[in-house]
Amino acid sequence: MTTLREPSAVRSKLSRYLPILEWGREYNRSILADDLMAAVIVTIMLIPQSLAYALLAGLPPVVGLYASILPLMLYAIFGTSRTLAVGPVAVISLMTASAAGSVAAQGTAEYLEAAITLAMLSGAMLAILGLLRAGFLANLLSHPVISGFITASGILIATSQIKHILGVDAGGDTWPAMLGSLAVAVGDTNVWTLVIGIPATLFLFWVRKGGSSALQAIGLRKRPADLVSKASPILAVALSIIAVIALDLGEKDVRLVGAIPQGLPPFALPGANISLIEQLWVPALLISVIGFVESVSVAQTLAAKRRQRISPDQELIGLGSANIASALSGGYPVTGGFARSAVNFDAGAQTPAAGALTAVGIAFATLFLTPLLFNLPIATLAATIIVAVLSLVDLKTPGQLWRYSKTDFTAHAVTIAITLIAGVEMGVIAGVGVGLVLFLWRASRPHAAIVGRVPETEHFRNIARHKVFTVPHVLSIRIDEALTYLNARWLEEYVLEEVADRPSVRHVILMCSAVNEVDASGLESLEAINHRLGDGGIGLHLSEVKGPVMDRLKRTHFIEELNGKVFLTQDKAFAEVSLDTGEPPAPVDHYMARGLI
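For the sequence shown, counting from 1, position 194 maps to 193 in numbering that gives the first Met the number 0; every step adds exactly one.
A few of these clues could be false.
With a straight-line cut-off of 27 Å between C-alpha atoms, the simulated DSSO-like cross-links for lysine-lysine are [claimed, not checked]: (1) 304 <-> 466; (2) 208 <-> 395; (3) 304 <-> 208; (4) 405 <-> 304; (5) 208 <-> 221; (6) 221 <-> 251; (7) 571 <-> 545; (8) 553 <-> 564; (9) 221 <-> 304; (10) 405 <-> 395; (11) 553 <-> 571.
Hints listed in this document are in silico derivations from the structure and should not be mistaken for laboratory results.
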């Protein structure tokens, strides 16, 4: 019997690290047809995107194609998302440009080496974190911080591409520097570049907003219309190339992509430059975290639509292997992109094989189609980037956060401001730092409420929100957080201050229904509260203590030294201690009239 189970157990264990073994068993011609259709559409979309994002990263356009071949194949083997499309993305390209630009000048061999090193470092970090099952790290970056960073990055990226629309030389790593540089250079605008860039931008904006509706109006069904409109950048590329050739714009100083090397990527191990690694490991870590969070968010969103699931731990390994593959094939850091993943999903991709087939399409393009891109204007690629990244700029979230949570709004706003003013790396670090500080501040001041009994019920609610019944000599406090070193001292001060304001109090009941942990510091504060109240002749009682918490308290002397009782329910605690007024007993009907018994 044992021997029969062994192959299944081995297969299950291998499938955890090689998801291809799971979906590969179900593969058939029908799934292949769906994956092939999706791959064709994504390939058409990915060719101009790959060129554009390489340009954004400050790299030769062909590097974007290299980063879209082997990484897709490796993710198909190790990734768990059925529809995530991995490759160059805008935010990671911007971070790559910022990191590589800090150690070398764009256009040099050292700059390319830095970009490849970033991919290798990022891949190694992600893979190691995956093996350590550290997928929970995706939860360390709050939504307001991520949203703020992506919004600011979108603004930076769009601004950085304006120089290509104008055909001028401008630079800067921060928003003020970019704007200042553009203001100085705007007088040198190349009119012919503007003639290409503005129509391309307007066309792509129109297609994004109304292209699908226009295609449906002429009889195309909704799904094909959506897919065609999302693949529209390839039409902009084709029309721009035709315009360059017809108007001989290359002779009018319109900047072109130029010669792109033909052939498959050069496979080689990146050099082990220790000095370069020391300079780039922090940016590589930031790229890894941002790329992983973005990728997992996209993958989970798409998986939920088909009631599928992904494994964050295995996603780390999948993205890590993709980045290592990118480094080995002359590429730069990659991750899952929302736009192309959405297109892949809408086009009907069923398995990660669609990504592998897309890689075959990109490889075909590098072998045979790159000569056709010689006359492609840089301005068209810039227009592609601008239209793509402006969709990342979220202007609604700040207002929503302001109304919902001032602390989250603060983290969001600080992330945007620092990213724009100090650059992408400082923006991420500042956002994470502010988020942690605000979290610690909130955790150090937990919510607690004085509660009373709702008339004719056994329920207890906040006296500031409900009409409830209380008695002067009983103070009932509901604690709504775990008691840890972060908030234990605050609780101690809160309880003693409330007691000091109520001279008639003889009993304090701590309602612990929401307390799921009491650490050593929390225990010390409970002991201090017990002693201080006991010295004043006041009883301390606990109610509704959770089982695991009670088990730990029983292993200490606290329960023995407690000068009150532990009650199963708050209702029983209130009913019993309310009768102890410290005065001579009153008739039973007196207590009944007051709702105590």
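Verification of the hints:
Straight-line distance between C-alpha atoms of residue 304 and residue 466 comes to about 44 Å, which puts the hinted pair past the 27 Å bound. Taking the CA atoms of residue 208 and residue 395, the gap is about 18 Å. The hint holds against a cut of 27 Å. Between residue 304 and residue 208 the CA atoms are separated by roughly 23 Å; this keeps the pair inside 27 Å, and the hint holds. Taking the CA atoms of residue 405 and residue 304, the gap is near 32 Å; set against the 27 Å cutoff, the hint is violated.
Taking the CA atoms of residue 208 and residue 221, the gap is about 14 Å. The hint holds against a cut of 27 Å. For the hint pairing residue 221 with residue 251, the CA-to-CA distance comes to about 41 Å; that exceeds 27 Å, so the pair is violated. In summary, the hint linking residue 571 to residue 545 is supported, as the alpha carbons are separated by about 16 Å, within the 27 Å threshold. Restraint check: the Cα-Cα separation between residue 553 and residue 564 comes to about 13 Å, which is no more than 27 Å; the hinted pair holds.
Under the criterion of a C-alpha separation no larger than 27 Å, the hint pairing residue 221 with residue 304 is consistent with the structure, at around 18 Å. At most 27 Å may separate the alpha-carbon atoms for a hinted pair to count; residue 405 and residue 395 meet this at roughly 15 Å. This hinted pair checks out: residue 553 and residue 571 have alpha carbons roughly 21 Å apart, not beyond 27 Å.
Hints 1, 4 and 6, counting from the list given before, are not met by this structure.
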